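Visitor: Residue numbers (my numbering): 1 to 296.
Calculated from the structure, these hints are not laboratory results.
Quick caveat, the model's predicted, so the values are computed rather than measured.
Check before you lean on any hint, since a few could be wrong.
[As the list claims (entries may be wrong)] Pairs of lysine-lysine residues, derived as BS3-like cross-links and limited to a Cα-Cα distance of at most 27 Å, are as follows:
no., residue 1, residue 2
1, K175, K269
2, K116, K269
3, K30, K270
4, K180, K31
5, K30, K232
6, K270, K31
7, K116, K30
8, K116, K180
9, K180, K232
10, K116, K270
11, K232, K38
12, K270, K180
13, K116, K31
14, K269, K38
15, K38, K116
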Amino acid sequence: MDTQQLLVVILSLFSTVLHSVGFVLLWRAKKVTNQYNKSQTLYLLHLSFTETLYSISGSLRILANVINRPDAELWVFIGSSGVFIQLTMILIALTFDRYLAVRYNLRYLLIWTTKKTTIVIASIYFINILFTILSINFLHSIQQAYDVFSQFAWLPLDGVFVTVALLAYGYILHKIAQRKLSLNETESSRTSSSNHKRRRKPFLMVLALILSFTIFVVVPDIVALVFNRQNKEMSQSVELYLSFSFRAGIIVDFFIYVFGCREVRLMLKKCLRRDRNNNRDTVFVNGYTTRTTTHK
Numbered sequence: 001m002d003t004q005q006l007l008v009v010i011l012s013l014f015s016t017v018l019h020s021v022g023f024v025l026l027w028r029a030k031k032v033t034n035q036y037n038k039s040q041t042l043y044l045l046h047l048s049f050t051e052t053l054y055s056i057s058g059s060l061r062i063l064a065n066v067i068n069r070p071d072a073e074l075w076v077f078i079g080s081s082g083v084f085i086q087l088t089m090i091l092i093a094l095t096f097d098r099y100l101a102v103r104y105n106l107r108y109l110l111i112w113t114t115k116k117t118t119i120v121i122a123s124i125y126f127i128n129i130l131f132t133i134l135s136i137n138f139l140h141s142i143q144q145a146y147d148v149f150s151q152f153a154w155l156p157l158d159g160v161f162v163t164v165a166l167l168a169y170g171y172i173l174h175k176i177a178q179r180k181l182s183l184n185e186t187e188s189s190r191t192s193s194s195n196h197k198r199r200r201k202p203f204l205m206v207l208a209l210i211l212s213f214t215i216f217v218v219v220p221d222i223v224a225l226v227f228n229r230q231n232k233e234m235s236q237s238v239e240l241y242l243s244f245s246f247r248a249g250i251i252v253d254f255f256i257y258v259f260g261c262r263e264v265r266l267m268l269k270k271c272l273r274r275d276r277n278n279n280r281d282t283v284f285v286n287g288y289t290t291r292t293t294t295h296k
């Protein structure tokens, strides 16, 4: 195992731990999320799970390469490609969901229910499983799989993602700007302004996820395609960039949805406050630490 492979394994394990924690936090947040953001939390929950799977696949592929098992490496590569497609589709669905929330405002809950969100997510998983099974049956080498996926899966999905993101968030940011302008022109109360800021944050969090995906995934995909089409040999710096860009993006995504999701932030603050209160209740008696209890 060379240095580059070792770094990939370390980053993959680190992101696996992060997203496992993030999945637990989002699972708990799902129970207290208000109905307006319920679908968003469901998408984030499955996004976290999908990125956990991708992180695990990174380590497994290196392991298969080290023990010289090309068949296992091919299966892991196909599986991780299916997971990547699943991740992209979840982001597209999440972006479209935020568009619906702004477009229909209060009618959003009548038009789009969490049951429909669950059906969309289940369909995405089904497509991933079907794609993986067909790929394992018809593709017989990593180079063949890479050529097929890059031309017919990754880049077309990247194009759909960018198109949906531009159209949806062009509309969303326009509506947010309109709302802010109307609040500035009228003598509205501070409560209205604070409510506007609070409702705006979930949309900005998804925008941050979109920018992260574009910077760390879409751009590297284009760079790799250019080198592949022109049959150019990549320099070591370009190879490092392509190897670490997506894994860096996965780590960045964790911090975006953990600190961007209001319910997760509230849970973390509550846990920190509880630990602080527990520390205050600790006293020393005859050199030993004991705990005091407070009855309310």
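Visitor: For K116 and K180, compute the direct alpha-carbon distance and say whether it is at most 27 Å.
Guide: Violated, at roughly 31 Å.
Visitor: Regarding the pair K116 and K30, is the alpha-carbon distance no greater than 27 Å?
Guide: With Cα atoms ~16 Å apart, K116 and K30 stay inside 27 Å; holds.
Visitor: Does K270 sit within 27 Å of K30, going by the straight-line distance between their CA atoms?
Guide: 16 Å, holds
Visitor: Would you check the hint for K180 and K31, treating anything up to 27 Å between C-alpha atoms as holding?
Guide: 31 Å, violated
Visitor: Hinted pair, alpha-carbon criterion (27 Å max): K30, K232. Please report holds or violated.
Guide: 48 Å, violated
Visitor: Decide if the proposed pair is consistent with the structure: K180 and K232, CA atoms, cutoff 27 Å inclusive.
Guide: 49 Å, violated
Visitor: Does the structure keep K116 and K31 at a Cα separation of 27 Å or less?
Guide: 18 Å, holds
Visitor: Quickly compare the C-alpha distance for K232 and K38 to 27 Å and report which way the hint goes.
Guide: 47 Å, violated
Visitor: Under the criterion that the straight-line Cα-Cα distance not exceed 27 Å, is the pair K270, K31 satisfied?
Guide: Holds - the C-alpha atoms of K31 and K270 are around 15 Å apart, at most 27 Å.
Visitor: Is K116 close enough to K269, meaning Cα to Cα at most 27 Å?
Guide: 32 Å, violated
Visitor: Does the alpha-carbon distance linking K269 and K38 stay inside the 27 Å limit?
Guide: Cα-Cα ~21 Å, so holds.
Visitor: Is the hinted pair K38 and K116 satisfied, with a Cα-Cα distance of at most 27 Å?
Guide: Answer holds: K38 to K116 is near 12 Å, not above 27 Å.
Comparing the model with each numbered hint stated earlier shows that hints 1, 2, 4, 5, 8, 9, 10, 11 and 12 do not hold.
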